[in-house]
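Asker: Residue numbers (this note's numbering), protein chains in the order written: chain A, 46 to 139; chain B, 876 to 1055.
In short, the hints are calculated from the structure, not lab data.
This structure is a prediction, so every number in the text was calculated from the model and none was measured.
Some hints here could point you the wrong way.
Below, simulated DSBU-like cross-link-like pairs (lysine-lysine); rule was C-alpha separation at most 30 Å, straight line [claimed, not checked]:
| no. | chain 1 | residue 1 | chain 2 | residue 2 |
| --- | --- | --- | --- | --- |
| 1 | A | 61 | B | 988 |
| 2 | B | 970 | B | 988 |
| 3 | A | 76 | A | 52 |
| 4 | A | 76 | A | 56 |
| 5 | B | 988 | A | 112 |
| 6 | A | 76 | A | 61 |
Here are a few chain B residues that face chain A, going by a calculated C-beta distance under 10 Å [what the hints assert, rightly or not]:
| no. | residue |
| --- | --- |
| 7 | 952 |
| 8 | 961 |
| 9 | 993 |
| 10 | 1002 |
Glycine included, C-beta positions come from ideal geometry on N, C-alpha and C.
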Amino acid sequence: MLVLSRKVNEKILIGKDIEITIVDVRGDVVKVGINAPRDVGILRSELLEQVERANAEAAQASVASLKALEERAEGGPKPEPRALHLRPRNGTEG
Amino acid sequence: MSVVKVPVPGLPEEMRGESPAEAGNTLETVLVGTTRFGDLLVPVRELYTMPEGMHGFGGLSRFLLLAPPAEGGVFYWWQSAEDPAIAFPCCEPAKFFPDYRIQADEADVLRLKLAERRALQVLVVVTVPAATPAAITANLLGPLVMDTADRHAWQIICERSDPRASVPLLPPRPEAAPGP
């Protein structure tokens, strides 16, 4: 990884189109300004990591657990005595 | 080996209702092996291509959308056509989050030409904890956007509209469950 030292208001150019400015430094927080073409995606990397983690967990699901949820949400064929009847959040399904 | 005809939502009317035999006669089909649903005989044109894959599963680019049964299921499965074990349960966000609107980042709108597409369908991936299925959550941060016409799909990240990857799908229990 290339590591550069910059002061506030100093810039870094990446290629010809992307310009990064150090806007402010306060404690352990650095404010960064980015000028880039409109079609260049800019993302805080922890968001991508969150989605990757959610995907990895989602892919573990079993058909049985989702079927059980659906049956309970619909009043199910055989609701157990103390089973919670699950409803979508807005309560307007079906 | 049992083969199951797969219901696929979002197809034009003329493609619906084909029996497996008709499908086999009139369409090029492919056998998709899955660990959850057995072997599925699928018309090739129903498969989706994900040019950028699912986040964290970059090697997989061909997927099949398995619809819930007509009689009232709500969960879809986004099944890899390349790895039989990989499938993501999904739901229509409107069913559970009526106010949810995806606001794609401008870069995605431009790059994927989202504004020009006329047959977009949006699903969100759900996570179901094995021990506590009722604690199911939906990933509103990374919705699945599919073009049912040209059969391409992307998992975009829209941090501006709802930056939450684990939103409870169901309301909290009204009362504590009695102990065992």
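Asker: Indicate, hint by hint, whether the structure satisfies it.
Answerer: For each hint, the structure was consulted:
no. : hint          : in the structure
1   : 61/A - 988/B  : holds (24 Å)
2   : 970/B - 988/B : holds (26 Å)
3   : 76/A - 52/A   : holds (12 Å)
4   : 76/A - 56/A   : holds (12 Å)
5   : 988/B - 112/A : violated (36 Å)
6   : 76/A - 61/A   : holds (22 Å)
7   : 952           : holds (8 Å)
8   : 961           : holds (6 Å)
9   : 993           : violated (21 Å)
10  : 1002          : holds (5 Å)
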